[in-house]
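*Asks:* Here is how the chains run, residue by residue.
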Amino acid sequence: MKKINFDKVFSFILVSLLGLFILRVLYSVAGEEAARFTADHYINFGVEETSAINIVTAILFDYRAFDTLGEATVIFTAASVVALLLPRHEASMLKTEFTPVVQQSIAFVLPFLWIISIFLIAYGHLSPGGGFSGGVIISAISILIIFTYGYRYMTRRFNVKKLSLIEDIGALAFLTIGLAGIIAGGTFLANSQVGIYPGTPGELLSGGLMPLSNFAVAAKVGTGLSVIFLSLARED
Amino acid sequence: MHLPILLIIIPLFTVFSLGLFAFFSKKYIIPLVLTSSLLSTVIIFFFIFNRETKLPFSYNLGSWQPDLAINIIVDHYTLVIFAAMGLITLLSVIYSLTEITRNKAKFYLLLNVLFVGTAGMVMTADLFNLYVFFEITSISSYALVAYNDKDISLEAAFKYLMLGTVSAVFLLLAIILTYMATGTLNMVLIPERLGNLPVLTRQILIAFYLIGLGVKFAIVPLHTWLPDAYVGVPITYNVLSSALIIKTQFFVLMRILYIFFGLNFLQNNMISTILLVWGIFSMLFGHAAAFQQNNLKRLLGYSTIAQMGYVIIAFSLGTPAGILAGSFHMINHGIMKGAIFFAAGNLHKAAGSYQLDKMQGMADIMPKTSLIFVLILLSMVGIPPLSGFASKWLILEASLEAGYLLPAFMIILGSFLSLGYYLSIIINIYTGEKNFSDNLPVGVAGLKINEIIPAAVLTAVCIVLGFYPAVLTGLIARAPEFLLQQLNFINIIIGG
Amino acid sequence: MVLVFPAIAVLISMGIYAVLTQKNMIRIIIGISIVESAIILLLGAIAYIPEGVAPILDQPYDTVVDPLPQALGLTAVVINASTTAIMLALVIKLYNRYQTLDIHEIRKLRG
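Chains as they are written, first to last, in my numbering: chain Z, 51 to 286; chain P, 11 to 506; chain Y, 33 to 143.
Be aware that one or more of the hints could be misleading.
Here are the simulated SDA-like cross-link-like pairs (lysine to any residue), alpha carbons at most 20 Å apart as the crow flies [claimed, not checked]: (1) Y:Lys55 <-> Z:Asn55; (2) P:Lys359 <-> P:Ile375; (3) Y:Lys55 <-> Y:Thr95; (4) P:Lys169 <-> Y:Val123; (5) P:Lys36 <-> P:Val52; (6) Z:Lys211 <-> P:Asp161; (7) Z:Lys212 <-> P:Gln370; (8) P:Lys169 <-> Y:Leu126; (9) Z:Lys58 <-> Y:Thr53; (10) P:Lys160 <-> P:Lys37; (11) Y:Lys55 <-> P:Phe34; (12) P:Lys36 <-> Z:Leu215; (13) P:Lys160 <-> Y:Leu120; (14) P:Lys160 <-> Y:Met46; (15) Y:Lys55 <-> Y:Thr116; (16) Z:Lys211 <-> P:Lys37; (17) Y:Lys140 <-> P:Asn305; (18) Z:Lys58 <-> Y:Met46; (19) Z:Lys58 <-> Y:Arg59; (20) Z:Lys212 <-> P:Gln303; (21) Z:Lys58 <-> Y:Leu126.
If you anchor each label on the Cβ, the simulated ranges turn out as follows [to be verified]: (22) P:Pro41 <-> Y:Ile81: 39 to 45 Å; (23) P:Phe301 <-> Y:Tyr130: 30 to 36 Å; (24) P:Phe291 <-> Z:Phe208: 51 to 57 Å; (25) P:Tyr440 <-> Y:Tyr130: 37 to 43 Å; (26) P:Thr108 <-> Z:Gly249: 50 to 56 Å; (27) Y:Asp134 <-> P:Tyr440: 52 to 58 Å; (28) Z:Pro178 <-> P:Pro41: 44 to 50 Å; (29) P:Thr108 <-> Z:Arg86: 54 to 60 Å.
Here chain Y is said to cover these stretches of chain P; the calculated rule only asks that three of the stretch's residues, wherever they fall, bring their Cβ under 8 Å from a Cβ of chain Y [claimed, not checked]: (30) 108-114; (31) 158-168; (32) 240-253.
These are calculated hints, taken from the structure and not from any lab test.
We put the beta carbon where it would ideally sit given N, CA and C, even for glycine.
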């Protein structure tokens, strides 16, 4: 008993010291006036430079598109790793098929979920949303199907292999969109600065290559998260 | 010229197409992987051989103006990692051709993601981009540790994952705090804005960066994942981890410490001294722990911890000679550890186990591999005219020149300690009763060509560097300039 | 903005305390998750300016909140989710091998 108590007391002291240091630093760096430097540029010049109204999407797919590429790689790697670690014979989830009432209601709702996700993706640069939110809803659709109709129903149509293929295509599409920036004379992932059809802000077809990138990222995120859930929830 | 970004695009393209190839035609996987690895090595050597005309090189992604965009910078300090990366990645891919037997596509996918991550980490000039590539490297590392599917691999992977994720959180916290203080994420704009902060705040920031990156280069006491993680992994990952990943994390930490905070701040506020003492402690701990190991891979893991202690000491001296010596040792140790792990993998084929008491008397069965093994061990102790002597001599010289006598004494002490356990391995291999199983492929004839080449090539490089260390010091000669003077780095992007 | 900071410090401390002292692997993962959520909370907190509108600039505005931490937060959420997925996959595999979720038991069983 004594040994356990000492461990916990020591950890508690360490952790409170850490909390105090974090608090000290947070209060010390907060509220600097000069800290609005890049934010001011994004807000003042964002719309006219990228012709996207949603500044967060403009940052994600134009100013800092390289981070989005890295993040897409992280999801891709995680999906591959989970599919590698949990192959078919490591079963983990019990059967959860629901009654026909639930199945019919979900069957009614699913097309609307598709419309919502495609709306979020297509209007990503005009209203809150973007490729990531749309992709997450697509993966929620697949999880919903697994819960209401059963695992076997889902894998007869879309198993891990097919979803990984779609994920690959989405990722390659994003990479090719980045290369289009090089072909147009700029650097990798160049979008509005090389003049790829900016359009007028507020139209659906504006923002250069942003709608295409949104779709590529949504395909990848949606299928990636579905692969992760499918692998974690296999049953015999 | 788009060459630096090709170092990231080519492995990324390989990663994404491997899934397609595994689905459609399996027999194009190996040519694809070899081609992409060869292309990356060619690009790296192009930068190394054209270093006077093409460097420093900056490339801004998205064609934005330089202080707004995410920049990629290749300067002479980056060459330190390029020198290790060019040779060792190609050789490890060659070695892995026969070592990996199941799930080949997934293994090469993870390997290429690892290449993308390390290339991105050393070249980026943007803080959050650094975090993203740090996580890319980490996730592929965790997966490679768990690759062999053995009990010890899984447990080691979980522990590594726990420690690594907590450290990533600290790194992200440090990055957010830096953004709060300066308002920008661009590495060249941050140094002048950080100068206005109070001293204690900057010290706590340094502590968070150190914890965040320190777990990954195995500074003691954050090293506990390393010995377990080294036991159950394929040799390819052993080589890449000790030669490339650990060095990259330390490389990035030094870039952050010297460029963001500056040499004066580090020396006036005892940070240099703390790092120096920590390096000495890490080195002595590594040597002491390596003594007690019975498993060859764990012993080499603790030896890596000790050698990183030498590098930490060299870099925290703060003089150009110190940084040059530290960089030389980073590359050199990578080459030596790579050679040892490749040779150990070959010995394992005849002995069947990595336990030292099962590898007795190996020299009768595999004389040439044992010779390579012994040569590299002698080099790691620091016996002339091998390359380990050159790097230890450079560190000693730098330490004495900077006026630090105690570290120099500790380095000599450490070398004697390492002589103890390396010598016992050598004696073990050449004498002793053979008690390994007899029905395993024996002799060099039992090894395939792609298993002999990496160890032989790295040993040859080691011997050449021992006689002509100027080959390597000439390559990295201008690296300290871009680390010690902040303006050299800052002026790559802004200013004339 | 400054009222959130004690909450963030407490959350980070609690999460790391859980990682250091808990033996059940699922609780360790929950602890890591708490710490990551605290960081995302910090990202949300620093973006806020009082009386600022969301960064969707189709109507006239006075002040806009900072859009950059929001983009960083999105990336951080995705990376955290991926890491948690890998951790959970490893826990499932370890449970299948050792039939226990106690990390000290696993260390002892391995020998």
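*Asks:* Now tell me if each hint is right for this structure.
*Replies:* So, going through the hints one by one against the coordinates:
1. Distance restraint check for Lys55 (chain Y) and Asn55 (chain Z): the Cα-Cα separation of roughly 14 Å lies within the 20 Å cut-off, and the hinted pair is therefore satisfied.
2. About 11 Å separates the Cα atoms of Lys359 (chain P) and Ile375 (chain P), which keeps this hinted pair within 20 Å; it holds.
3. Of the supplied pair hints, the one linking Lys55 (chain Y) and Thr95 (chain Y) is violated, its CA atoms being roughly 48 Å apart against a limit of 20 Å.
4. Distance restraint check for Lys169 (chain P) and Val123 (chain Y): the Cα-Cα separation of roughly 11 Å lies within the 20 Å cut-off, and the hinted pair is therefore satisfied.
5. Pair hint Lys36 (chain P) plus Val52 (chain P) does not hold up; C-alpha atoms about 26 Å apart against a cutoff of 20 Å.
6. Simply put, Lys211 (chain Z) and Asp161 (chain P) have alpha-carbon atoms about 27 Å apart, too far for the 20 Å limit, and the pair is violated.
7. Simply put, Lys212 (chain Z) and Gln370 (chain P) have alpha-carbon atoms about 50 Å apart, too far for the 20 Å limit, and the pair is violated.
8. Taking the CA atoms of Lys169 (chain P) and Leu126 (chain Y), the gap is about 12 Å. The hint holds against a cut of 20 Å.
9. Between the alpha carbons of Lys58 (chain Z) and Thr53 (chain Y) the distance comes to roughly 6 Å, so the proposed pair stays at or under 20 Å and holds.
10. At roughly 27 Å between alpha-carbon atoms, Lys160 (chain P) and Lys37 (chain P) are farther apart than 20 Å, so this suggested pair is violated.
11. In summary, the hint linking Lys55 (chain Y) to Phe34 (chain P) is not supported, as the alpha carbons are separated by about 45 Å, beyond the 20 Å threshold.
12. With a C-alpha separation of about 14 Å, the suggested pair Lys36 (chain P) and Leu215 (chain Z) falls inside the 20 Å cut-off, and the hint holds.
13. Annotation: proposed proximity of Lys160 (chain P) to Leu120 (chain Y) holds, straight-line Cα distance about 17 Å (limit 20 Å).
14. Note on Lys160 (chain P) and Met46 (chain Y): the hinted pairing is violated, with a Cα-Cα distance of about 33 Å set against a maximum of 20 Å.
15. For the given pair, Lys55 (chain Y) sits about 18 Å from Thr116 (chain Y) by alpha-carbon distance, which is consistent with the 20 Å threshold.
16. At most 20 Å may separate the alpha-carbon atoms for a hinted pair to count; Lys211 (chain Z) and Lys37 (chain P) meet this at roughly 18 Å.
17. Taking the CA atoms of Lys140 (chain Y) and Asn305 (chain P), the gap is near 19 Å; set against the 20 Å cutoff, the hint holds.
18. With a C-alpha separation of about 12 Å, the suggested pair Lys58 (chain Z) and Met46 (chain Y) falls inside the 20 Å cut-off, and the hint holds.
19. Distance restraint check for Lys58 (chain Z) and Arg59 (chain Y): the Cα-Cα separation of roughly 15 Å lies within the 20 Å cut-off, and the hinted pair is therefore satisfied.
20. In summary, the hint linking Lys212 (chain Z) to Gln303 (chain P) is not supported, as the alpha carbons are separated by about 47 Å, beyond the 20 Å threshold.
21. Simply put, Lys58 (chain Z) and Leu126 (chain Y) have alpha-carbon atoms about 26 Å apart, too far for the 20 Å limit, and the pair is violated.
22. At roughly 55 Å, the beta carbons of Pro41 (chain P) and Ile81 (chain Y) sit outside the given window of 39 to 45 Å.
23. Taken as a hint, the range 30 to 36 Å holds for the pair Phe301 (chain P) and Tyr130 (chain Y), whose Cβ atoms sit roughly 31 Å apart.
24. Between Phe291 (chain P) and Phe208 (chain Z) the C-beta distance comes to about 54 Å, which sits within the given range of 51 to 57 Å.
25. Remark: the range hint 37 to 43 Å for Tyr440 (chain P) to Tyr130 (chain Y) is upheld by a beta-carbon distance near 40 Å.
26. Between Thr108 (chain P) and Gly249 (chain Z) the beta carbon distance is about 54 Å. The supplied range of 50 to 56 Å therefore holds.
27. A beta carbon spacing of about 45 Å between Asp134 (chain Y) and Tyr440 (chain P) contradicts the range 52 to 58 Å that was offered as a hint.
28. Between Pro178 (chain Z) and Pro41 (chain P), the C-beta spacing of about 46 Å keeps the proposed range 44 to 50 Å intact.
29. Checked against the hint of 54 to 60 Å, the pair Thr108 (chain P) and Arg86 (chain Z) passes, with Cβ atoms roughly 57 Å apart.
30. Counting residues of the stretch 108-114 of chain P whose CB lies closer than 8 Å to any CB of chain Y gives 0, which falls below the minimum of 3, so the coverage claim is violated.
31. For the stretch 158-168 of chain P, the stated coverage by chain Y holds: 6 residues have a C-beta nearer than 8 Å to a C-beta of that chain, and at least 3 were required.
32. Note: the stretch 240-253 of chain P has 0 residues with beta-carbon separation from chain Y under 8 Å; the three-residue rule is not met and the coverage is violated.
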